[in-house]
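Keeping their order, the protein sequence lines are chains Y and G. The numbering of the first sequence is the working numbering, which starts it at 1 and goes up by one. The numbering of the second sequence is the working numbering, which starts it at 1 and goes up by one.
Be a bit skeptical, because a hint or two may be false.
Stated by the list, open to error - Below, a sample of chain Y positions facing chain G; criterion: calculated Cβ distance under 7 angstroms:
(1) Ser-661
(2) Cys-667
(3) Arg-668
(4) Ala-691
(5) Val-697
(6) Asp-699
Stated by the list, open to error - Computed cross-link-like contacts, EDC-like style, restricted to lysine to aspartate or glutamate with a CA-CA straight-line distance of at most 20 angstroms:
(7) G:Lys-642 with Y:Asp-699
(8) G:Lys-642 with Y:Glu-694
(9) G:Lys-642 with G:Glu-653
(10) Y:Lys-642 with G:Asp-631
(11) Y:Lys-642 with G:Asp-692
(12) G:Lys-642 with Y:Asp-631
(13) Y:Lys-642 with G:Asp-699
(14) Y:Lys-55 with Y:Asp-87
(15) G:Lys-337 with G:Glu-587
(16) Y:Lys-642 with G:Asp-624
(17) Y:Lys-701 with G:Glu-653
(18) G:Lys-701 with Y:Glu-658
(19) G:Lys-701 with Y:Glu-653
(20) Y:Lys-642 with G:Glu-694
No lab work stands behind these hints, which were simulated from the structure alone. Think of the CB as a built atom: it goes at the ideal place given N, C-alpha and C, for glycine as much as any other residue.
Protein chains: 2
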Amino acid sequence: MNSYKGREYGFDQPTLLESAIFNVHVKITIGLTIVFICTLNVQAENGHNLWLRAKSSASVIVVCSMKSATTDIAVQELKQCWHGKKDATIVLTVKHNPSIKGDGFEFGPDGIQANTDLGVLYGVYELLRRQQSAEPIEKEISNPSYERRILNHWDNLDGTIERGYAGHSIFWRKGNDAWRVTEKDKRLWQEYARANASLGINGAVLNNVNASPDMLNTETLNRVKAIADVLRPYGIRAYLSVKFSSPGLIGGLKTSDPVDPEVTQWWKTKVEEIAKLIPDFGGFLVKANSEGQPGPQDFGRTHAVGANMLADLLKPYGGIVMWRAFVYKTSGEDRAKQAYDEFMPLDGQFRDNVIIQAKNGPIDFQPREPFSPLFGALETTSVMPELQITQEYLGQSTHLVFLAPMWVEFLQSDTYQKGEGSTVARCTDGSNFPQRFTAIAGVANIGLDSNWCGHQFAQANWYAFGRLAWNNRLTSDRIADEWIRLTFPRHQSDQSKTRNVSDWQERFLLPVKHMMLQSHEAAVNYMMPLGLHHIFAGDHHYGPGPWYAPTGLRADWTPPYYHQADTNGIGFDRTRTGSNAVRQYREPLCSQFNELETCPEIYLLWFHHLPWNHKMKNGRVLWDELCYRYDAGVRQVREFQKLWNQIQPYVDEQRFTEVRSKLRRQCRAAQIWKDGCELYFQQFSRRPIPADLEQPVYDLKSLEELDFSTIDEFEN
Amino acid sequence: MNSYKGREYGFDQPTLLESAIFNVHVKITIGLTIVFICTLNVQAENGHNLWLRAKSSASVIVVCSMKSATTDIAVQELKQCWHGKKDATIVLTVKHNPSIKGDGFEFGPDGIQANTDLGVLYGVYELLRRQQSAEPIEKEISNPSYERRILNHWDNLDGTIERGYAGHSIFWRKGNDAWRVTEKDKRLWQEYARANASLGINGAVLNNVNASPDMLNTETLNRVKAIADVLRPYGIRAYLSVKFSSPGLIGGLKTSDPVDPEVTQWWKTKVEEIAKLIPDFGGFLVKANSEGQPGPQDFGRTHAVGANMLADLLKPYGGIVMWRAFVYKTSGEDRAKQAYDEFMPLDGQFRDNVIIQAKNGPIDFQPREPFSPLFGALETTSVMPELQITQEYLGQSTHLVFLAPMWVEFLQSDTYQKGEGSTVARCTDGSNFPQRFTAIAGVANIGLDSNWCGHQFAQANWYAFGRLAWNNRLTSDRIADEWIRLTFPRHQSDQSKTRNVSDWQERFLLPVKHMMLQSHEAAVNYMMPLGLHHIFAGDHHYGPGPWYAPTGLRADWTPPYYHQADTNGIGFDRTRTGSNAVRQYREPLCSQFNELETCPEIYLLWFHHLPWNHKMKNGRVLWDELCYRYDAGVRQVREFQKLWNQIQPYVDEQRFTEVRSKLRRQCRAAQIWKDGCELYFQQFSRRPIPADLEQPVYDLKSLEELDFSTIDEFEN
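Chain Y with its partners taken away, still in its complex shape (with noise of 0.2 angstroms):
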């Protein structure tokens, strides 16, 4: 495991509201000394305040049809972050509207009418975004893709967090005060739920899959009931991930059997329990018979039984239950194709509060996979998309990888559940068949650490996450642009203050997101291009490691059953004649990924065993292609750093250092990625690496002895 090695905000740290007061302080002294101010402004510059960091330029007044904690919140956000004409008048309206859905908005430059207060929040932040970030701003209707947008925390009830690579929990820790709630921590789920609204986020996991059963307690019920407390008037319903032999573990029966009345008694109990607690609880996370989690299977029972049981105790409450899909046994069956074995035969056996919840592709986060064939396969179940946004198979908080691409390509791949145009995104939002609800997930990528996600540009994911999560359509230029706009708005730096727009579009803007929009298909080069997938070194996740495979060790945990490398070719044959994979996909998909002409090459060794001369479009043999990417994904990382050296003027000094220094560590590791690879590969291709093409630097031996803890306290 990738320790966590960032700096942790903490709970002895200046929170958000302290760092503003604290910058307040600074511009009262301007006048009198101003290189001292400099450095001072500079050093507060940690990236804590997120893309939040609009002050206002001018006074508004807020006229308001009712009165809650949601407006108040609404009408604080637009005085304290107008930017629009001076003295302008804001008219919020809750008033129902069969043209808005849910949460939605209507706004314009004179007001904001939504159904409700919700609503008219999310307006407001919409205004101000677009305020900020210079775009127009005209009447027009914004409805949400998904009803539910949900962050789930893999959170431990020790303060650890599993993949996360931002420091410690911001809810849970161990020692004397673990459970004392103390108004440093208010103030940052307070500061954290605004960040979630501010993007249309509804919905927090609070903790780990793989939960502790300790989950379900009453102290810990108690604590979640306090952060419920703190999240409800920003929108934010508290969900769980409980454990599914809870009843067994810490209710002192004799088994989790959900077909047991008196299972079925407990944890109908307990529902009350946290209903009575937290009466808007928007429901339960669970991961079953996975990864060594127990499940209804382990009493004979369906996911279906299991699930439902559950979901007919939370349906009073108005709860759900996400049941992952994320499930594999150690059979000699294609690891990519179980999860749709499993439940396809469950569909339409599942209540309409349940909703299955898959990632993304077919195995496991890997920096580049086709959609999971369960996204329109599925007709009358409901499934919901996990996106991860910690970067656990994507160079954590190190690599700068901008996901929204990737989840972009994802969203709009084509299923053909109802014909061309089907795509993952109308899928699963209701467009091509009715759920009682939607939902799509993410991964927190969310820590103590003071710039919240590890690295500076990681809060780009949280970001493209909530825009995503409400509107499955957007671009990821969109995107991208707006995240720039509001996290390096032009005015912050003394600097960037003497040029102009054009001048600051042009040297920083456009640069900064070009970067941002070719990061992930760099990773995708210099880690596993050309659809290869899962070549990691041990369980870190982190460095390569197609080499890695201990005695003894299930065969899917290690790297070869992936790539299948041999003197005769690579890649995994998951063709008709192969596994047979390309099945689980409908026509045309099925013809298209199983044969050679068609299949794109950014899926080819996904799909296909190839020989390493096998001719490319491109007229190279695959053997020179898999190194020219290699090769790519390397210069790409050094065209970053030359790109972010000379954006300096335009940034505030620490943010620019923290990631000139990331993106130096970046560069490292896709070399040894690169020379790893390549190396490996070459014991079975036996050919050269191109004669044009950089040689690797390490040697194989090395780096396959390389324990990656120890280049990463190297590297620090």
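Position chain G relative to chain Y; hints supplied.
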């Protein structure tokens, strides 16, 4: 200290002679199992055979005018390695010829004539080399440039070697059998002697200049006798380094004052003891009053008094004293000036069998230095160059750096001692002023490593030293050409047999020679371009450390003393208005170095402290040029990698792989040098690294904190 990592030849591995037998065995079986044979041949190729690989292709008839142990070797070499006309007759004649100097020789297609049997042996090696390297053989006289051509071994009695990167000593070892002379010892010493004789090297100082007094103990001297007996037939005389305080330390005297009669008597007795054991004993090498070593100044005597005392005692036996000029004190005076200032007043005071041994540059074997001003300054005292074959400051046994270009640059430097054309070569070989003895020394890079030198290409530096010691007007191109042809003969690898000569020359000889000839300039570029010097980390002299300056360490042992970088600029001001070291050079050199317009840019920061925006001849500012040089160094090593990968078909697998692996490490080290120096100096220059160059991939802080022994472990 960069610890040795190679595989040692040791005392339990096959010697060259055994390897030869092994090869014969292999050939016998060649008809049976071809594949098996190839494998064996490949595994056997560890480089131990150096440039002596020829096996006779035809029989030859040898007629010799004299019989001696040396002529016996000459006859045997001709018969074993003959590549000329079948059944040709070669006549070897020992006969005085006034055109032949010392151990020179006249050779031609029909035979060799010389004043001594050693001259005949040298002629045989020359003839055989020309046969193997396909050079023309016409009647010609070859006379040595220096009378004494000596290797200095910095070997300690415990078997370690100071600045040795190829394993332990071939002469000394510790343990129970430290003093036992085995047959294996003798075979190895014989191989060593043969290799030296093949180049014309005729002397070896068997122990470290930081000498142990125990060197003069009787049991040590008995082992010296055993070594000298093996070396003698090959014309190699044994020399010893002595500690000046030996009379006090092991003689039981109260002083080691050179004018004390008891001291003189002690030395006289010791010299007699040595001469009795080794009648052709060569003499003493003395490091006196230098880096903590004792010397005559400890007793208020001059270097001359100390050296002359020993010289007088050695004279009856034809011995000489090589007295090192490598002296510097913790004075405020520029270290580069001190040797000159200390020795010039003594010019004329030394006996004619004393030779002042001066390192090529004024500091200490840096990647590039201007020549030491002692050359061309001393006029009535003999002076000899000390070159360093072991790459203490040039990547040790990891980096491929061919040193001939550096040595030729030095030897061809014009001192203007007697007008234009007074090269260092002419000032030291007796051409410019008469010397009773002429000599040249090279600090050996030889150890127990199976390939002798740690790096296959480090053998070329041993070779180059020997060839330049014989003929100080040889070109680097010629030396490289010879060495490649002898060390990687075209006919050696099965694969290359199928290729014709011009293919081999174009695709192997020329690229490899190109790499060798560029390699020194590349190392200067990525380590210390533009006259920078001595900016190594710690005392291991491997990695970069421009920042290295522990509190309390004497200034002239820290890099900031040498680079003098600050916000105003960089470089050591040795002009007339600075330390005035330029004064030590004769006109017009003094003015040429002193003036910015005429100072060669390769020595720019050696002689000048210049602002970061100083305009270079190519129009770039100094800071940018520095970055371009560092960048060029990294790119050059990357090009060497590509080049080496492409010559694979022409080289055996073992040497190909070893060199490839070392080039990879060199490339990583070059990157670390570039990043460390750019980032450190950037703190002062406050200028960006030019945007069209690759940006650093390391952070300065991590490099500053790096213990380079860790890198080394990491790199293995």
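For each hint, the structure was consulted:
Because the beta carbon of Ser-661 of chain Y sits about 5 angstroms from the nearest beta carbon in chain G, less than 7 angstroms, this interface hint is met. Taken as an interface hint, Cys-667 of chain Y checks out: its beta carbon lies about 4 angstroms from the nearest beta carbon of chain G, inside 7 angstroms. With 7 angstroms as the threshold, the beta carbon of Arg-668 of chain Y comes within range of chain G, its nearest partner Cβ sitting at about 5 angstroms, so the hint holds. Annotation: interface hint on Ala-691 of chain Y holds; nearest CB of chain G at approximately 6 angstroms, less than 7 angstroms.
Below 7 angstroms, beta-carbon pairs count as interface contacts, and Val-697 of chain Y has one with chain G at about 4 angstroms; its hint therefore holds. A distance limit of 7 angstroms between C-beta atoms decides the matter here; for Asp-699 of chain Y the minimum to chain G is near 5 angstroms, and the interface restraint holds. This hinted pair checks out: Lys-642 of chain G and Asp-699 of chain Y have alpha carbons roughly 15 angstroms apart, not beyond 20 angstroms. Annotation: proposed proximity of Lys-642 of chain G to Glu-694 of chain Y holds, straight-line Cα distance about 7 angstroms (limit 20 angstroms).
Taken as a hint, the Lys-642 of chain G and Glu-653 of chain G pair is honoured in the structure, with Cα atoms around 17 angstroms apart against an allowance of 20 angstroms. For the proposed pair Lys-642 of chain Y and Asp-631 of chain G, the alpha carbon gap of about 14 angstroms is at most 20 angstroms, so the pair holds. This hinted pair checks out: Lys-642 of chain Y and Asp-692 of chain G have alpha carbons roughly 8 angstroms apart, not beyond 20 angstroms. About 14 angstroms separates the Cα atoms of Lys-642 of chain G and Asp-631 of chain Y, which keeps this hinted pair within 20 angstroms; it holds.
Using a Cα cut-off of 20 angstroms, the hinted pair Lys-642 of chain Y and Asp-699 of chain G holds, with the two alpha carbons roughly 15 angstroms apart. The straight-line distance between the Cα atoms of Lys-55 of chain Y and Asp-87 of chain Y is roughly 15 angstroms, inside the 20 angstroms bound, and the hint therefore holds. The suggested pairing of Lys-337 of chain G with Glu-587 of chain G holds, with an alpha-carbon distance near 17 angstroms, which does not exceed 20 angstroms. Pair hint Lys-642 of chain Y plus Asp-624 of chain G holds up; C-alpha atoms about 15 angstroms apart against a cutoff of 20 angstroms.
The straight-line distance between the Cα atoms of Lys-701 of chain Y and Glu-653 of chain G is roughly 17 angstroms, inside the 20 angstroms bound, and the hint therefore holds. Restraint check for Lys-701 of chain G and Glu-658 of chain Y: the C-alpha separation of about 13 angstroms stays at or below 20 angstroms, so the hint holds. For a cut-off of 20 angstroms, the pair hint linking Lys-701 of chain G to Glu-653 of chain Y stands: about 17 angstroms separates their Cα positions. Distance restraint check for Lys-642 of chain Y and Glu-694 of chain G: the Cα-Cα separation of roughly 7 angstroms lies within the 20 angstroms cut-off, and the hinted pair is therefore satisfied.
In this structure, every one of the numbered hints holds.
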